[in-house]
Amino acid sequence: MELPTLQDLNLAVTLPSMGLALWACVVLAVGLFLPERRRHWNLVLSLGGIVALFLYNLTLFDLPADRQSAFLGMYRADNFTAFVNLIALVTAFFGVLMAYEYLKRTHIDRGEYYPLLLISTSGAMLMGASGDLAVLFVALELLSIPLYIMSGLRRPNAASEESALKYFLLGAFSSAFLVYGVALVYGAAGSTDLSEIFHRVNAGLILDQGLLLAGAGLMLVGLGFKVAAVPFHMWTPDVYQGAPTAVTGYMSVGAKLGGFAGLLRVFIVALPAVSGAGDATGWQDTIALIAALTMILGNVVAIAQRDVKRMLGYSSIAHAGYILMGAAAAGSPDVRDFAVSASLFYLLAYAFTNLGAFAVTVAIEKDDATNPQLDDFNGLSKTRPVLALAMALFMLSLTGIPPTAGVVGKFFLFQAAVNAGMVWLALIGVITSVVSAFYYLRIVVNMYLREGPGEAQAQRSFLGVAVGLAAVGTFVLGVAPVLFLDLAQRAVLVALGG
Amino acid sequence: MDFALVVAIPFVLGISVYFLRDRLRPVQQGLLLTAGMALLFVFLLAQLPRVTEQGALEFVAPWMPQIGLTFALYVDGLGLLFGLLVTGIGSAVMLYTGCYMDDARQAGRFFALMLAFTGSMLAVVLAGNVVVLFIAWELTSVMSFLLIGFKGADDEARKGALQSLMITGGGGLALFVGLLLLGNAAGTMQLGEILSNGEALRQHPWYGAFTGLILLGCFSKSAQFPLHFWLPQAMNAPTPASAFLHSATMVKAGVYLLARLYPALGDTALWNAALSTVGLATMLVGAVLALRQRDLKGILAYTTISQLGALVALIGQPESAGLKAAAVGIVAHALYKGALFLIAGAVDHTTGTRNINELGGIGRQMRGLAAATAIAGLSMAGVPPLLGFVAKETLLETVIQQPLALAVVTVSAALTVTAALRLFWDVFMGAPRTRLPQPEHVPHDRHHPFGDDAFDYSCCHDLPPLMLASPGTLATLSVIAGVALAPLMAPLVSAAIGKQVSLYLFPPSGVNLALVLSGVALALGIGVFAVRRVWLKWSIPVPVSGVQVYDGTIRAVESVGDVLLKMQSGRIRYYLAVILFSVLVLLATAVPNIRIDLPTPAVQLTTAAHVLEAILLVLALAATLASILFERHLVAALALGIAGYAIGGMFLLEPAPDVALVQFLVETLATVLIIIILARTSQDERRRAMARLWGQTRRGSGARPCRVHRHGRGSRHLCPRRREQPAHTGRYRRMAPGECASAGWRQRRGRGDSHRLSRHGHPD
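Chains as they are written, first to last, in my numbering: chain A, 1 to 498; chain B, 1 to 764.
Hints were generated in silico from the structure; no laboratory data involved. Mixed in with the good hints there might be a few duds.
Away from chain B, derived, C-beta distances all over 12 angstroms, residues of chain A [stated by the list, open to error]: (1) L3; (2) Q7; (3) F33; (4) L63; (5) F93; (6) L165; (7) Y186; (8) N202; (9) L297; (10) R310; (11) Q415; (12) F462; (13) A495.
Partial chain B-side listing against chain A, Cβ under 8 angstroms, derived [stated by the list, open to error]: (14) I135; (15) L162; (16) M166; (17) G170; (18) A209; (19) L587.
Straight-line Cα separation of at most 30 angstroms, DSSO-like style, residue types lysine-lysine; simulated pairs [said to hold, decoys possible]: (20) K159/B - K499/B; (21) K159/B - K366/A; (22) K382/A - K566/B; (23) K382/A - K499/B.
Virtual Cβ for every residue (Gly too), placed ideally from N, Cα, C.
All chains should be built: construct the whole structure from the sequences, respecting the hints.
Structure, rendered in structure tokens:
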């Protein structure tokens, strides 16, 4: 067997994720030597790296076919990867920006936050890029382990420690299912390469259909845990509540992004032909059912929450359900491409919106780091009108009311579900959206129609930038989604070779 | 094209007035905006002949070309009718608002919202694409919400604002999916193509689904029974907003959409039955409930509901028989109800109350206002020759063949007459009343929220001419339109419903049943009014009010949430079990498909390797079990190591020496690491940590870990661990080596207290 040359590895296209991991090491090394008053270099370096890679990543759309894979097919550099990278870098950007002042004023300004966040982001990017189940697993752990640590950043605070440990134990448990699923799929198909699995399944060369299905099911468990789908969601509110708010904000998007990128990659590229009834795929009904349960549970339970982070935790479960609706729709061959781009677009819309909502939550959190309650939003429109306006925009977006990103995203997802013939799922989506209006709008009511303590809180400049950018993103995606929609539409998932 | 500008101009005007609010007085702002709206009105009016001749005008601009979505406008007579309504009533309201508002900054903010609403509403009625329509539709709901909450409000107003947004916004989401399905069934999102596709759509298997969803959206927006209750709750909005949104325009969006989609979806059994049932029920319920109201705006709100019901019922008439009456009714209602709302606001503004029991005889001082009220009230009561009479006549003629509908319409018309009389007579005529003592808990500023300095309340006098101009003009238009039917109303109505109609004040063929019934309604209404002393004491039993149903639904959803919350126990043991159980269920669906020929289960211990393998297997299992069962962590860690080594040994026998080697290495490393960590933590600490992690429960809607509680330090002792680290107030910092933990706690407690105090100083 001939050894691959360096050129065959095609390293340049892997730069977004690999480069970010390397840059994380640089940030870590520099951070070690930074004195207290130069801590801002952590921020500058992290943001610089993220922005540079973001720009570079824009050149990675529509690569010629021969440059679309690296490491001999283990890394895929197609438009899907580029779009996932784009969302991941946006997420990381906000994650860094909203944490800087927060970490300082709540006295957990630890330098390791930044490299951990960057490494986790590179894991999320790698999940979208994985062309091989082994890479998928490594990427999953790369995504998760930094998150476990970041959840516990506020040690020795018991809530934060508990959050980290719970996340770690349950996460490890779920990862084990993923590995076992990978093993079963390998046992059935004789390969861990996604495209190879696809071709073997297609050609009927698999050892056993049931083994493949069982493997797919177990992988679904592992990935479902990451995206917080019912019934693998239970860690979410506990972990979200205990972790430092900035971490929760990053986690609520980053982990979900990685999970969905991996889920779509595996199920659309490798397993679309696993037979089911009619021309649908075998796993479609399962994912549709999970999506329905997730939407219902997330939205209904969120109503009872008073703690903002817990509420946003359940809300993030609910949104996982909406995106799963897209994944389920992608199981029908003729809506596949549309459903994939709908899911990606929704992830981007969700990223801007949810990060914005968390940035506002970070802004109203007091210096003693007590968790914000719904009542803490009272009268915000008087004390900080711009912040309140932005939060209102985010809440409308999460509900799915124009003129926001959320409604455009939901439009595509519902459209995909309807096109795939799953009208019932779209209906559940609508009904649960109406339910969700109740708890999202309660925040708007608190901000605009209730009297608050009346004292203006301190302005925080970096956080203000984060909120502003997120608001602009949410609005622009809602009014003129053309640019990103175009990119999302080009992200087509297919198996290599033929 | 020009129509895109029509939609854009209000937004531009709104933004400019917002930024000019420090430079211009409210009156100036109002005049500026009136001019803008009047220009739009004139422009739209000028398009009427063009549309009548050429049919619908379409305007398409690319929006999301990737999925074939366009920003499209579709301008036909119906759209123009509503566009004229929005800009016409809008001009009057803007002029009035300029005088109504005292504070320039507040006025600027208010105008900005009103203009944003105007733009959205114009986009609704001119939209040529169902997606554009939906987006604009929801925007109007949001603007309505912001306007209802404009004054900043007490609990009730807050609840009302949230309710109105929940009902209209939620109904909008139903509409969303309905339109999506409709678009899918029609194969296009363009309104023009959908409308020309009616035959196919009515046969479509999804017809019931999308029609039902769309009707739900329309009914919620147009306050149809049993979703009507949000509209009276919305009356906390400043009166100009009520006049504009909650009477003349926004609530008619539902009626608009029904009329708009009539060619595509209308005139089926489902459509007609749903619309006429709901519409007539709403008409009656609104008219009856209006009787109970003491608040001027409450009376107006319920009569508006009644009128909206009539319009919906008309669109549910077979073979588009009701469209003519609906078009006339829309115009007539907008004119008189707009005027009456503005008058109610002026009365409130001048006297400081809207309670009809506290008012009386103010017509002596306010002759102009009384005259305007009289005219608008006559139109509302349906007295010739006003437009309201024509509307009522056409309505009665439409349903003349249906006894039940005829009865409902006549009774509702009679009660509307009563309401109109109360609005005029009990407020402007009769003996002056003294102001009732205000209950303590009603905040003073609820009645005149914009300050006391605009008018001298001690002696009511007539409004400034500029302010009186708006209701005066609207009332006068009721007369003019009623008299000049042929030159004014007929072309408008003909264009709106797309066929030539003739309107007449009195039936050309002499007295007919409709005219008789109209007279009966008038007489009945006056009779009911005359004996109002009797029935005002009655309480009309309402078995279940919409608000109760709404609250009940919310409670039900919440209690389902509570049940689901019980499952969120906080115990990791339980979480693991749920995951495991779900995995088993998932696998159970896959197992029946497994056809692999498993080797016969007979144990083959023929070779030494097999024997060894069996021993290692047993060893691994036993060690795993031991690691679970042994209490001592060190033993458990070692047992885990043994299990790992046993598996490594099995690899060795496979033979896979490389894998085995890695396994041995990792296993050694892991065990050593675990032991090091164990050595660095005390047994006691570990036990407490275990107790926390595995034995903790969470309950109830709070569902929070016990140390993150809201009530200060009180329940701190519930937390078994780390009493020295109160998470809820804690500033977390590493303790200096010599620092005593309890000292640190005391310090932090001090901070916690002061923090609590500062919160206490500002109760909610």
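Checked hints:
The beta carbon of L3/A sits about 19 angstroms from the closest Cβ of chain B, which is more than 12 angstroms, so the claim that it is off the interface holds. At roughly 29 angstroms, the least C-beta separation between Q7/A and chain B is larger than 12 angstroms, which holds for a residue marked as non-interface. Every Cβ of chain B is farther than 12 angstroms from the Cβ of F33/A; the closest lies at roughly 20 angstroms, confirming the non-interface assignment. Distance check for L63/A against chain B: the nearest CB is about 20 angstroms away, which clears 12 angstroms, and the non-interface claim stands.
The non-interface label for F93/A is consistent with chain B: the shortest C-beta to C-beta separation is roughly 26 angstroms, beyond 12 angstroms. For L165/A, the non-interface assignment is contradicted: its Cβ lies about 6 angstroms from the closest Cβ of chain B, within the 12 angstroms cut-off. No beta-carbon of chain B is positioned within 12 angstroms of the beta-carbon of Y186/A; the least distance is around 14 angstroms. Distance check on N202/A: its Cβ is at least 18 angstroms (rounded) from any Cβ of chain B, clearing the 12 angstroms threshold; non-interface status holds.
Chain B draws L297/A into its interface by the beta-carbon criterion, the shortest separation being 6 angstroms against a cut-off of 12 angstroms. Some Cβ of chain B comes within 12 angstroms of the Cβ of R310/A; the nearest lies about 7 angstroms off, and the non-interface call is violated. Chain B draws Q415/A into its interface by the beta-carbon criterion, the shortest separation being 6 angstroms against a cut-off of 12 angstroms. At the 12 angstroms boundary, the C-beta of F462/A stays outside the reach of chain B, the nearest C-beta of that chain being 21 angstroms off.
Every Cβ of chain B is farther than 12 angstroms from the Cβ of A495/A; the closest lies at roughly 22 angstroms, confirming the non-interface assignment. Because the closest C-beta pair between I135/B and chain A is about 4 angstroms apart, less than 8 angstroms, the hint holds. Evaluation of the L162/B hint against chain A yields a held restraint, the C-beta minimum of about 5 angstroms falling below 8 angstroms. This hint holds: M166/B has a C-beta 6 angstroms from the nearest C-beta of chain A, less than the 8 angstroms allowed.
The restraint placing G170/B at the interface with chain A holds, with a minimum CB-CB distance near 4 angstroms, inside the 8 angstroms limit. A hinted interface residue such as A209/B counts as satisfied when its beta carbon comes closer than 8 angstroms to some beta carbon of chain A; here the least separation is about 7 angstroms, so the hint holds. With its C-beta approaching chain A no nearer than about 6 angstroms, L587/B sits inside the 8 angstroms limit, and its interface hint holds. Proposed proximity of K159/B and K499/B is contradicted: the alpha carbons are some 44 angstroms apart, above 30 angstroms.
Distance check on the hinted pair: K159/B and K366/A sit about 28 angstroms apart at the alpha-carbon level, within 30 angstroms; holds. Using a Cα cut-off of 30 angstroms, the hinted pair K382/A and K566/B is violated, with the two alpha carbons roughly 37 angstroms apart. For the hint pairing K382/A with K499/B, the CA-to-CA distance comes to about 53 angstroms; that exceeds 30 angstroms, so the pair is violated.
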